[in-house]
Each structure stands twice: as structure tokens, then as C-alpha cells.
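Peer 1: Chain by chain, the residues run as shown.
There are 2 protein chains.
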Amino acid sequence: MKPVVVDAMGGDNAPSIVIEGVREAIDAGIPVELVGDPQIADDCGDIVLHAASEVIGMAEEPGRAVRNKKDSSIVRAAELVRDGHASAMVSAGNTGAVAAAALLRMKRIKGVSRPAIATTLPVPDRPPKILLDSGAMADCQPDWLQQFARMGSAFSQVRYELQTPRVGLVSIGEEPEKGNQLVKDTHRLLAEDKTINFIGNVEGRDVLSGDVDVLVADGFTGNVILKTLEGTVQFLVGEIIAALTSEAAASVGAEALGHLAPIAAELNPDAVGGAMLLGVNGVAIISHGSAGPTAILNACRVAKDMVERELVAELTSAVAD
Amino acid sequence: MKPVVVDAMGGDNAPSIVIEGVREAIDAGIPVELVGDPQIADDCGDIVLHAASEVIGMAEEPGRAVRNKKDSSIVRAAELVRDGHASAMVSAGNTGAVAAAALLRMKRIKGVSRPAIATTLPVPDRPPKILLDSGAMADCQPDWLQQFARMGSAFSQVRYELQTPRVGLVSIGEEPEKGNQLVKDTHRLLAEDKTINFIGNVEGRDVLSGDVDVLVADGFTGNVILKTLEGTVQFLVGEIIAALTSEAAASVGAEALGHLAPIAAELNPDAVGGAMLLGVNGVAIISHGSAGPTAILNACRVAKDMVERELVAELTSAVAD
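Chains as they are written, first to last, in the numbering used here: chain A, 26 to 346; chain B, 26 to 346.
It should be emphasised that the hints constitute simulated quantities derived from the structure, not laboratory data. In this text, all values refer to a predicted model and were calculated from it rather than measured experimentally. Do not rely on the hints blindly, as some may be mistaken.
Pairs count within a copy or across copies, as identical chains cannot be separated in the list.
DSBU-like, lysine-lysine: derived pairs with alpha carbons at most 30 Å apart [stated by the list, open to error]:
no., residue 1, residue 2
1, Lys219, Lys203
2, Lys135, Lys95
3, Lys219, Lys95
4, Lys203, Lys132
5, Lys27, Lys209
6, Lys219, Lys27
7, Lys135, Lys27
8, Lys203, Lys27
One chain only, chain A, in its complex shape:
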């Protein structure tokens, strides 16, 4: 297959961590190339490096950055996919900029109104759930959310091999009449959509433990959910570590933490590699800004899988029905 291109400049620990992850991916048999500042060529060793002289910062306004920095690593990566040199792109950089660059360079899948970011929620001991849109489109229309539902369902089938993923609409009550106007209007569209397995409204408390595979929300709500979830997990993990490393807990703390470590490991976003931008004409994966080498390796692995399983063709057919 054609190589996956990885943005060497993206993420809080670029380029060293990214290069490390890419090296692991290549060692695992995945064809990967880098895009980034030519000055890092030495650090890349024998990994192919496509030159891009500019870097889009994590806090830059995405639309403006993509328009102005045409020779940035994010934009160049999207172009390498568009031009057929690469099969997929991976970046741990500015989420909005990756979405904008992919959208502008690769263009939308025919029939797709707006792209959505699909985030896999790592849940210990349970099948993974997908939340979309987790931040691409802050203001949405009901028919866009319907497409998100279809794309999320198709992605769940391709990525996690679920036969008929259960699709839930995020609301503030299970009854169809609960929610804001957008959700109530979307509920009607989803209830009539025969191409998905719509199970009705789900709530914030179902995000981790509910019997649902695909959670549909506008990008504002989805992003708030994701950040609340991450913040709560981080906060609790911090409190637990403080309690168990205190002097009072000295006799049991270390061993107890050992028993709790697997829970933290499974909730670690690095395990899933990154979020998937759905709706553009190519495979684009957005990794967490704090992604470690394992996250980059896993993102490359997922990118390869999604290319081989023809994700884009499946999404095209999902929205076309």
C-alpha cells in the first residue's frame, strides 16, 4: 500500500516523540513517511521526510492558519493524500487545522454536508464507543447530525466490526420530546432512518456505561462531553494517587495502585491512537496533542486498517442511501 504520512511537527512533544512513534510503526511493518521541517532530517534518519517549511501552532485559529500557511506540515500532509502519493494522514497537531486542511485539500465525500470528528472512547472491559461529532462543527443542522449518525454507524462497522451498531442521540432525557430543538428535530429524522439501528436518546451518564455503540451530538456538545470526561478521569486519578501515596496509606498504597493501574491504562487515550475525521475524501487521523509514541504507532496502524478496509468507500455508500 501507499505510505501513511505523519505530521512530524504536530503535538506537544514534536518532533522527537512523533519520530519515535513512526519508527515503531515502520518496525511493525507499516509503510510510513514524515512531513515536516527539513532541519529535522538528521533526526529522521532513514525515514522519508517530505519538506514543509511552516508549522501551525496548537492555539492558532484553524481556518486562517490553513489559508496562510500553505507550506505547513498539516497542509502538505493533506496534499500528499489528495495527490495520491499517500494513503492516509496522521497528525497530533491543531485539531481544527487538520480538519480544515483535510476538508479544503481532500474535499468532501460526495453527498456529505459537513465532516465530523469521530472519537473512540476507551472503556475498560467493554466494546469501544464512538462519539461524533467531537468538535468539527459547533453549530449543526438536523440533517448534518443524521449524516453523522450514518457515518458513525459505518465507521463502527468498519473499525470495530460491529454488525448493527446501536446509535444513540445525546440528549437530556430518554423520551423523544426531551432535548433542545436541534435534538428534537434530529430525533425525528433518525427514528425514520431505516439504514441505521437507532435506539433513541441517550444521556451523559451513558457515555461510558450505556448500552450504545455510537453517540451522536453536535460538535459543541460532543467536545464538551469529551473534555468533561477527560477532566473527570484526570481529576479522580489525581485524587486517588494522592490518597494512596499518602503516609497514612503507606502499608497498602503501592500494591493497591498496582491493582488500579490496568483501569488507568485502558482509559488512556494513547491506546486508541486518535480520532478519525469522517466525511472527507481520504483517511485522516487526529491524535491527541499529548500523544506519546504508542499513540502515533496506533494511529498509523488504524490508518493502515482503514485504508485496507476501504473506509471512504463505506462512508460514501452510507450517506448515499
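Knowing the structure of chain A, use the given hints to seat chain B on it.
Peer 2: Chain B alone, transformed into the frame defined by chain A:
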């Protein structure tokens, strides 16, 4: 002071748990009376019981239930406040019905466009944060959110005696231009509002650990945050208990759980008693449906405090400026 009236029929464990909590409140010196089915009079002993023949169920559509069940305990409780018999009401029943009954019977504070539910987020070892609206109004306008900000700030001053509470607007990025249209428009209003200490946008990850005292959101977003937070805490607590009560952890599990118990205790919503409906002409507290006796006791205590500290007058002046 005039008594606090408590809805005897509200909550998952009514009336027994409610009566138990009310008895504790009376023992603590708070004047409390009950409203509910005359058939429970024997269980109430010497506690005054105001008769109400109907009960609004937890899953009933709030507006319809309040219109149709005029002799329900929730509606009668609101009327006892309106008529000047009681100083405040407390219910662990249907949240929407309590909000609707309080709004229809007590009416709005002059100048208030819409009421909001202010929920206290219990955070271990830190000053409590207030989230509003946590579910009263799913679709909001910018000027309503501005009033929520003012009312939340005044409530934080009255309830937690913070001098200049830091008010944050929930969004998906710190920059003013981040968010959906509602949030962007609201940001401009709050930035110009000299009556509050607006610190800008905050994110889901700030809900527990951020340097902010009052989190402002529309009722849809606020409710999603609250449920996501509760669901995540519950899920993690379940996972931790499972890990530490497993055979593998037998030698340390029980003691380790003992060290973690204080964290769980502080995150327990019972500790704060309930959410406050802000913007109506009276003190109305909505307790969690799963409220235990301690939650009812604490709700009565907060109700008494808010009456004595003249919350309604403070809110009136906060929105009038």
C-alpha cells in the same frame, strides 16, 4: 421563621426517606412541614402534613403534569410558598415539574427572562463550584445566559460567601471566538458586563479542577455536563471497587478502599442537598431523585440559610442593574 415545606412524595425512596430526613432537620432546629398524601399521616407522626392527593411521577412530562395535577404535592408546596405560609420548598421529585410549578405558582422575579437551575458541584478539598443552567431551559438566548451569569454570581456570594466569584462561560476553547453561535454572542455580553467578574470561556475539563466558581451554560449543555460527570464518577468508582475487592487484591483491598472512601464521600451529591432554582419569587430546592435522609436534611438547612440571607432580594438586585 416560616417553615420550609418538603414534598413527602418526591424521590425514588419517598415517603419514608423523606420523612426521615425531615425528622433530622426538625431535630436540628429547622422548622419543617410536609406536603403529601393524607394516607401517610401516621408515618409523619407529629410533623405537620399538608394534604395533597396527587403525585407527579419522575417520568411525567413536567408542563402537562403541573397543569393536570393541581392537587399534587409539588404544586401544593409551591402554593404554600406563594401564599406566604412557607418560606421555601424542597422536593426530590420530578425536576422539570418542580421548576414548572415554582415558575407558574411563585412567578418570576421582576426582570428575569427565564429561571435556571443552579447545581453545586461537590469537589474534594476545593471551594464548591456552581453550574447553571443545569436543565431548566434547553434552548437559550444570549441575554438569558447573561442573567444566568448574574444570578449565579449572586447565588455564589450569598451561598458560599465568595466576594467576587469568577464567572466562566462553558465553551470548546478559551479564545472568545471559540464556541457555537450562542456562546460567541453570550461571550460579548458577559465581557461588557461590569456587574460580574467574567474570566472568559472555560472548558469541560475545568468543571472539577478549573479556577472558576460559576460555570454558565444553556440548560442542555449544563445537563449533559452534569450527567457526564456523574456517570464518569460512578463508572470509575465501580471499576475501583471491583479491582480492590477482587481476590488478587485481598491483602490490601479493604484498607485501600478505606483510604479512598473520603474522596467518594465528598463527591456524593447528598452532601450538598440539592440544586437551587434561581429566578422565581421564592426559595425552591430540587434534590436528587436518589436523595437519602442526609440530602433532605442538608436541603432544609440550605433552604433556611437562603431565606435568612435573603437570596431572592439579592437575585432581584443582581438582574436589575
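Peer 1: Next, verify each hint and record whether it holds.
Peer 2: Hint check:
In this assembly of identical chains, Lys219 and Lys203 lie within 30 Å of each other by CA distance solely inside one copy; the values are 22 Å within and 35 Å between copies. Within a single copy, Lys135 and Lys95 get their C-alpha atoms as close as 25 Å, which meets the 30 Å cut-off; across copies the closest is 55 Å, which misses it. Neither within a single protomer nor between protomers do Lys219 and Lys95 lie at most 30 Å apart by alpha-carbon distance, with minima of 42 Å and 42 Å respectively. Taking the closest pair of Cα atoms, Lys203 and Lys132 come within 30 Å of each other only across two copies (24 Å); inside a single copy the shortest separation is 35 Å, beyond that limit.
In this homomeric assembly, Lys27 and Lys209 never come within 30 Å of each other (Cα to Cα): the closest approach is 44 Å inside a single copy and 42 Å across copies. For the identical chains of this complex, Lys219 and Lys27 are neighbours neither inside a copy (36 Å) nor across copies (58 Å), given an alpha-carbon limit of 30 Å. Taking identical chains as interchangeable, the C-alpha atoms of Lys135 and Lys27 lie at most 30 Å apart only when both belong to the same chain, with a minimum of 23 Å there against 67 Å between chains. In the homo-oligomer, the alpha carbons of Lys203 and Lys27 never lie at most 30 Å apart, since the shortest distance is 47 Å inside one protomer and 36 Å across protomers.
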